[in-house]
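Protein chains in written order, with our numbering: chain L, 616 to 775; chain D, -4 to 67.
Hints may be right or wrong, so weigh each one.
[Said to hold, decoys possible] Label-pair distances were calculated between CB atoms; the ranges are:
| id | chain 1 | residue 1 | chain 2 | residue 2 | range |
| --- | --- | --- | --- | --- | --- |
| 1 | D | 65 | L | 670 | 21 to 27 Å |
| 2 | D | 10 | L | 634 | 17 to 23 Å |
| 3 | D | 0 | L | 728 | 21 to 27 Å |
| 4 | D | 39 | L | 640 | 22 to 28 Å |
[Stated by the list, open to error] Some chain L residues close to chain D (C-beta under 7 Å, calculated; not the full set):
| id | residue |
| --- | --- |
| 5 | 617 |
| 6 | 648 |
| 7 | 704 |
| 8 | 710 |
| 9 | 744 |
| 10 | 759 |
| 11 | 774 |
Just so you know, these hints were derived from the structure itself, not from any lab.
The C-beta atom is built at its ideal place from N, Cα and C for all residues, glycine as well.
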Amino acid sequence: MASWDELPLMYRFSIRAYRWRTVAGAPWATLRVKLTEARVALVTSAGLYRLGVDADFGTREGEDLSARYLPSDTAINALAIGQTSDAFDRGAIIKDKNLALPLDRLHELAAAGEIGAVAPRAVSFNGSLLAPGRFIKQTAPGIVDALRVDEVDAALFVPV
Amino acid sequence: MERGGIPTACIALVRNVAEVLRAPRMLAVPYRFGRALGEPGDADGQREVLRALLALLERPGPGPALEDYAIR
């Protein structure tokens, strides 16, 4: 289990004062197909993006609330890390991007018939946000629309 | 996303935060920040975490569901 003690002192103080949101009361969507038939998407807060294709994160003024859509056949170890926080083991993810976006592992489960398919696109954003409410209002609806276009049955979230 | 009809399952790195957030389906893993799936290069271990996460999707509602992942 991760511990706040892993973090630099500055983060430990910030987190002590941070007011975590509660999403209690959020609707419960039911998986409508068997897992072996489900098209599954990955969503990561690691801010992964394709060098030379996608814009980096954190280059705009203020918080970067945008999302990147990564084709599922992307060679993940060529992805860059745009997460602006340093409060996680970046070196581990540099060694193996599956720790933040387990696309290779999900493809293996699809090939083994454990899920129906990997969604055609994964979603990536910079999870280092001080005002997640704006992300929920401004960015999340577009992500949901994209997943609907991709006819996704379920989404898995991977934090850093 | 759930409101949009898409079921979700989320890895949680800090259990007491997951308890507060109360997202629909969360899997608390015994790993450090940046290692949500475990160790780099451990494909077997990473697949097991994904299997546990996927299994949450088949649980009947209502949530929230918060499970602890035991390393296999």
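Violated constraints from the hint list, given by number and in increasing order
1, 4, 6, 9
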